[in-house]
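Enquirer: Residue strings, one per chain:
4 protein chains.
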Amino acid sequence: MEDALARLKKGTLKLYALEKELPPEDAVRVRRTFVEEERDADLAALGAFTIGIDRVVRRNIENMIGTVQIPVGVAGPVQVNGEYARGEYYLPLATTEGALVASANRGASAITKAGGADVRVVRDGMTRAPVFAARDVVHAKEVADWATAHFADLAAAAETTTSRGTLLSVAPYVTGTSVFLRCAYDTKDAMGMNMATIATAEIADLVEAETGARLIALSGNMCVDKKPAAINLIEGRGKTVVAGVRLSDDLIQRVFKTDAATMVEVNYRKNLIGSARAGALGFNAHAANLVAAMYLACGQDPAHVVEGSSAITTVEATGDGVYVAVTLPAVQVGTVGGGTGIDTQAACLRLLGVAGGGEPEGTNARAFAELVGVGVLAGELSLLGALAAHHLARAHKELGRG
Amino acid sequence: MEDALARLKKGTLKLYALEKELPPEDAVRVRRTFVEEERDADLAALGAFTIGIDRVVRRNIENMIGTVQIPVGVAGPVQVNGEYARGEYYLPLATTEGALVASANRGASAITKAGGADVRVVRDGMTRAPVFAARDVVHAKEVADWATAHFADLAAAAETTTSRGTLLSVAPYVTGTSVFLRCAYDTKDAMGMNMATIATAEIADLVEAETGARLIALSGNMCVDKKPAAINLIEGRGKTVVAGVRLSDDLIQRVFKTDAATMVEVNYRKNLIGSARAGALGFNAHAANLVAAMYLACGQDPAHVVEGSSAITTVEATGDGVYVAVTLPAVQVGTVGGGTGIDTQAACLRLLGVAGGGEPEGTNARAFAELVGVGVLAGELSLLGALAAHHLARAHKELGRG
Amino acid sequence: MEDALARLKKGTLKLYALEKELPPEDAVRVRRTFVEEERDADLAALGAFTIGIDRVVRRNIENMIGTVQIPVGVAGPVQVNGEYARGEYYLPLATTEGALVASANRGASAITKAGGADVRVVRDGMTRAPVFAARDVVHAKEVADWATAHFADLAAAAETTTSRGTLLSVAPYVTGTSVFLRCAYDTKDAMGMNMATIATAEIADLVEAETGARLIALSGNMCVDKKPAAINLIEGRGKTVVAGVRLSDDLIQRVFKTDAATMVEVNYRKNLIGSARAGALGFNAHAANLVAAMYLACGQDPAHVVEGSSAITTVEATGDGVYVAVTLPAVQVGTVGGGTGIDTQAACLRLLGVAGGGEPEGTNARAFAELVGVGVLAGELSLLGALAAHHLARAHKELGRG
Amino acid sequence: MEDALARLKKGTLKLYALEKELPPEDAVRVRRTFVEEERDADLAALGAFTIGIDRVVRRNIENMIGTVQIPVGVAGPVQVNGEYARGEYYLPLATTEGALVASANRGASAITKAGGADVRVVRDGMTRAPVFAARDVVHAKEVADWATAHFADLAAAAETTTSRGTLLSVAPYVTGTSVFLRCAYDTKDAMGMNMATIATAEIADLVEAETGARLIALSGNMCVDKKPAAINLIEGRGKTVVAGVRLSDDLIQRVFKTDAATMVEVNYRKNLIGSARAGALGFNAHAANLVAAMYLACGQDPAHVVEGSSAITTVEATGDGVYVAVTLPAVQVGTVGGGTGIDTQAACLRLLGVAGGGEPEGTNARAFAELVGVGVLAGELSLLGALAAHHLARAHKELGRG
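Residue numbers (my numbering), protein chains in the order written: chain F, 202 to 603; chain S, 202 to 603; chain U, 202 to 603; chain P, 202 to 603.
For the record, the hints were derived by calculation from the structure and aren't laboratory data.
Cβ coordinates follow ideal geometry from the N, Cα and C atoms, glycine included.
Watch out, some of these pointers could steer you wrong.
Some, not all, of what chain F presents toward chain P, calculated at C-beta under 10 Å [stated by the list, open to error]:
1. Met202
2. Glu203
3. Leu206
4. Gly316
5. Thr398
6. Ile399
7. Ala402
8. Leu434
9. Ala481
10. Gly522
11. Thr528
DMTMM-like, lysine to aspartate or glutamate: derived pairs with alpha carbons at most 20 Å apart [to be verified]:
12. U/Lys215 with P/Asp521
13. F/Lys210 with S/Glu560
14. P/Lys210 with U/Glu238
15. U/Lys215 with U/Glu238
16. S/Lys215 with F/Asp243
17. F/Lys210 with F/Asp243
18. U/Lys210 with P/Asp346
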């Protein structure tokens, strides 16, 4: 190891090449030591990890120097009445934002007292949309028409690359000379971006060969991955989840110290009118907080919080309380692959009973998506309730003053 | 501890109350054990953390059961020519997405070979926008006009709550009977949401008292926090960062195995045309990946990846190469508060030389924001280069066939 | 007539009831006189119309007092290489904006010199999207699933109301307890809003009867009619039209006094980067001007300029010039119904050879949509050319100074 | 005239040159005849106009062949309680969409019965945003900072071109190497696009000369003119107008045959939830219809219907009825210039008492903007009322069946 460090300093060994010479733990240690000395910074805390990293350095990261540790708390138990997730759950939340777990916990408590949250996956399909250049607009239309007419051929090509995924649809979008083919896949328990990308490469080859269009990029940004975009809000990406709960006037009063009309007004002025005027693609209070916390705990891709934040929260007076719902058009999650196999993240998936592949396939990922929906619902309930209570309290105080 | 566990099971002790009876480590252990037994799930990995948690359980999380560990790799060295960050840096990236660090590393290498990336903070201001209900539209205009006319009073009220923050501006938005006041603050080295919220509560009190408008919610969703929204893309939130680098034809060929025209075309068809047709608020390849990885490593709020993803990447031919730039309107970061004090995250900030408060105040947070800009630039360069090389390779192959 | 006027003043005759007592011309005259006297304003000019109004007062307007006259100019001849419109055309443009016709004319000239504009209708379907209220999210999913499973029944119901229209698709969107069913129709030569609305009422009845959902509004704003919306930009509404033309370096120089690189740069920085940062749903220079002028001339609904403005203009260097294209996702036009039968508007449709129903049905409306696409292309070429020439001129001037 | 026609056919006379040889009426007649013969189409109706065209052919149009006549009806009287428009008005509406005037009339009637509509202009400023190219991002920041620091110089330069307009603000937006300067002007009674463009040209010259940035286009699409864009929805363009009215339960029942709760629900599910899910920038029922009809009647630019459609309609229960409001962020209107001087359009402005320049300057344009706001409010009331009544009727029918 001393030798490796010396060679790094001399420049005769590349930082990324350490794993070729040393066992993972040693490679990580030498690299961290090198960076510490280069930058004169104490990085010991990063090295005090306890997870196994043999697979991690091969699959999850390069140039590893250690890990960050993110606290995990639980919210629950929360009663979930899903199609795939049913029963009581403790939701693991990884966060450093004080009060978030407490807030979710209060929402979870309200849900459970109310008999549980209904939740459904209303659509499911991971997308990848390559962009091709056509010669002119006439050619562009021909390319789009060809793809529509040859769906079966495209599906056959795509499915040579995967034993599990299936091509669900190919939607063409012609924009000038650019042709986008938005390909949607059922990727079972995998989040599915890799599967979709590899399968779409086959589709792209076939389109190029048969139409003469030039592939410009396997991802043409109509997928849309990790960018806020109306197409995902409208058409969904990954799983579209909707969760709702009915709260009685009494429950609203007991748990949130407010009333139905006030909750409706807060949601109306803040989540609907405020977001409308802001040109927003998200109409909610803080869906991203819950999505981020559950994704991090469970080994999901944190950049997918972007799409997760594009949620709509609705609150309706029912006569004897409110019905509160959240709609998340793009929940991109998996229970196999990605970060799901790391020791700590796998534990969180086990806590939810959704670790690994489901039986039948796809059911674990769908159950997890339902739980994300319920987590977001708990968070929305709690923050709307707090805002409403505050508002109500002020109103009371003012009345008292008057 | 046995006793506490028994009481939890009996329901005579609340899960969140453990820290009141036990030292943090014990409280976390008992809680984890309780949940393990309730759910019959092995959560030992979560418990094997090595960070100090005394402050964590008070400030960062409730109902803690352990931590997840997320691998950290480094990309660099990358030469940064910022106003606050200058010199060579190793960027810490926390991720479980294989190839991300390698990709950023390649981009960093190109930047350094090119003499470094220019980067600037072009705006700075953390926002909070309460929503008030007016009696009618005439009253709504009066409330807005009152706020405009009394900026000094609002600033004085706001600044009673903070020794550091200053109120920069208050922008009123009347929508029907709803009045939104978007208050922007200089929050120095803090990310500033808490500071802005507390200060804005004083503003809200004053507005209510003086105008008779009713405060509905301290956050009226025109802030906009953690939702994708055009107002942040346009006007910025937190720090607006722009980073750019000039690559010669030779460098493009050597590092990315492609050419200037192909990089321009990939960016044009994918990041501009594709995002336009998708109704996107982000015109980039994968800014969110880099933002997420740097935020996680450095103790930032991962839900702010939402705003970070709303970036615009531009690639222009220069005659002898390309100029590539990224514009991030909303980089919401701090080097004090939040998760920045946790042992492992603090180490990552030290690696960047920006841990804690800067001298003068605010310079560490701005330096960090510049580094995020450069990290995103490295990621964009690398992915665009890879797509372009792939495309170019295909083009060559086809020419060979022809 | 004197009597009627007196009764109007006394309030014993309603303004809208005049046509029940008097022939149309007299009714209009008396009403105008009444308003003139009430407001003490000379409105004689409004009364000097020359169109026949027997059908107009029954079909196109109520409470008529006269007409406004809008000047019509022609741009052309322009060579059109469409699927439905082929040959040379003079485009009628109704406008009061000086220079607009001249500008379009210059663009038309460039197109013709270049051998004509390619143009295609790549999608066609008029939409109407009722919104239903479900009991809860579970019910909402059931309603959506029922609609998907019963497409044939919905089509049968819809088509009882029309001999010409056919239901193409029904796309369900669940948002909390609200279920939107976006129904798309082939409406042949009619713009089709009325046809779509009437047919969708049948669908709504069936959905209510079979699912128990409550119809809230026949238009639930996911149609989307006359509001800017990403769903129309992405998925189209009415006809999606794409038009393009290849200009040589020589032609660019002769007609526009600029060069290919400058046209590309103007489009890039203005139409793409500028619109991106503005949070726009339109990426063009002034598509709305041409759409408005052609719609007004030809009896289309001017409020549909909203959707027409949501166009994308692309300019690509070809090595020996540029390829310029416009993509209009939502061209909502008809050649029968609406204002198409008014004498002056019918004349404009005759000028284009597309008045009345086409043979086969639908071909006149499609030909007209293609002509709108070419008109917009002409306008974009001309304005981009002018901006580029200006910019180039400045550049030359500066070089001269240097 | 025979001679001119012959020369047109031979190609020795250009179509646009006719006015140089012939009086306007003759030039228009010959041109129309030429086009008629070329296309074998009867265009006589276009020629039967009655407006004076001497100024029209110089200012409003080129290549004129006649006019289209668009029916005008009136809605009213409507009681308006504005800051600039006060009293009873008949609103002139030019449209060919049957039922539109009747619908507006019903809304106007409800407003008047309710004591009138409140309406205010809450912002006023016409914008133009040139785009400059900087050398790199560092230069881009310098350009933006220079503009901010030299506002007084920019204002002085701008105001050399106009005796009436004043520069209100210059907002810089840096995006990569592109710098946009959004300049806002008070343009008094003119709509102001021309004034703003001419004044901004001076600003652009100064910026180029002092900073070395290259002007790419005087309009860089952050203005934003005639494209749907969030920046206009958020920050306004032209006049931001808000109008509202309080309807009692009794009035709702008498005029609209529905009730407060149903109106609230229709607005909530359609205008808010539906538009949110559609990725819309307009949250209203049919604002564009009223904007288009008033703009056409009164000589405004119909392409500005685009921005007019980006309106937000709000409906709130008040306990004893509803408060309904419309917010139109971008009403771009004038009472001088453009099409306002044409005989028929001038008559419509006279009907409203706002023809020509106001005293003091600017008050006529603001009064007209207020009237547009009230017109839109009338339209929204009526359509929401109709949808609600229909829905209520169904509900009653169903209850009856049950």
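Enquirer: Hints first: check each against the structure and report whether it holds.
Expert: To see whether the hints hold, each was checked on the structure:
1. For F/Met202, the interface hint is violated, the least distance from its beta-carbon to any beta-carbon of chain P being 42 Å, above 10 Å.
2. At a threshold of 10 Å, the smallest CB-CB gap from F/Glu203 to chain P is about 43 Å, leaving the interface hint violated.
3. Hint status for F/Leu206: violated, given a least beta-carbon distance of 37 Å to chain P, over 10 Å.
4. With its C-beta approaching chain P no nearer than about 25 Å, F/Gly316 sits outside the 10 Å limit, and its interface hint is violated.
5. Look at F/Thr398: its Cβ only gets to about 25 Å from chain P, farther than 10 Å, so that hint breaks.
6. With 10 Å as the threshold, the beta carbon of F/Ile399 stays out of range of chain P, its nearest partner Cβ sitting at about 30 Å, so the hint is violated.
7. Because the smallest distance between the Cβ of F/Ala402 and any Cβ of chain P comes to about 29 Å, over 10 Å, the interface hint for this residue is violated.
8. Proximity of F/Leu434 to chain P holds as hinted, the smallest CB-CB distance being about 6 Å (cut-off 10 Å).
9. The closest approach between the C-beta of F/Ala481 and any C-beta of chain P is roughly 8 Å, which is under the 10 Å cut-off, so the hint is satisfied.
10. Annotation: interface hint on F/Gly522 violated; nearest CB of chain P at approximately 16 Å, more than 10 Å.
11. Checking F/Thr528 against chain P by beta carbon gives a least distance of about 8 Å; that is within 10 Å, so the hint holds.
12. Only pairs whose Cα atoms come within 20 Å are accepted, and U/Lys215 paired with P/Asp521 is rejected, the gap being roughly 30 Å.
13. Distance hint between F/Lys210 and S/Glu560 is unfulfilled; the C-alpha atoms sit about 31 Å from each other, more than 20 Å.
14. Between P/Lys210 and U/Glu238 the CA atoms are separated by roughly 50 Å; this puts the pair beyond 20 Å, and the hint is violated.
15. Our distance criterion of 20 Å between C-alpha atoms is met by U/Lys215 and U/Glu238, whose separation comes to about 16 Å.
16. Between S/Lys215 and F/Asp243 the alpha-carbon distance is near 39 Å, which puts this suggested pair outside the 20 Å criterion.
17. A threshold of 20 Å between alpha carbons decides the hint, and for F/Lys210 with F/Asp243 the separation of about 18 Å falls inside it, so the pair holds.
18. Only pairs whose Cα atoms come within 20 Å are accepted, and U/Lys210 paired with P/Asp346 is rejected, the gap being roughly 64 Å.
Hint violations for this structure: numbers 1, 2, 3, 4, 5, 6, 7, 10, 12, 13, 14, 16 and 18, all remaining hints satisfied.
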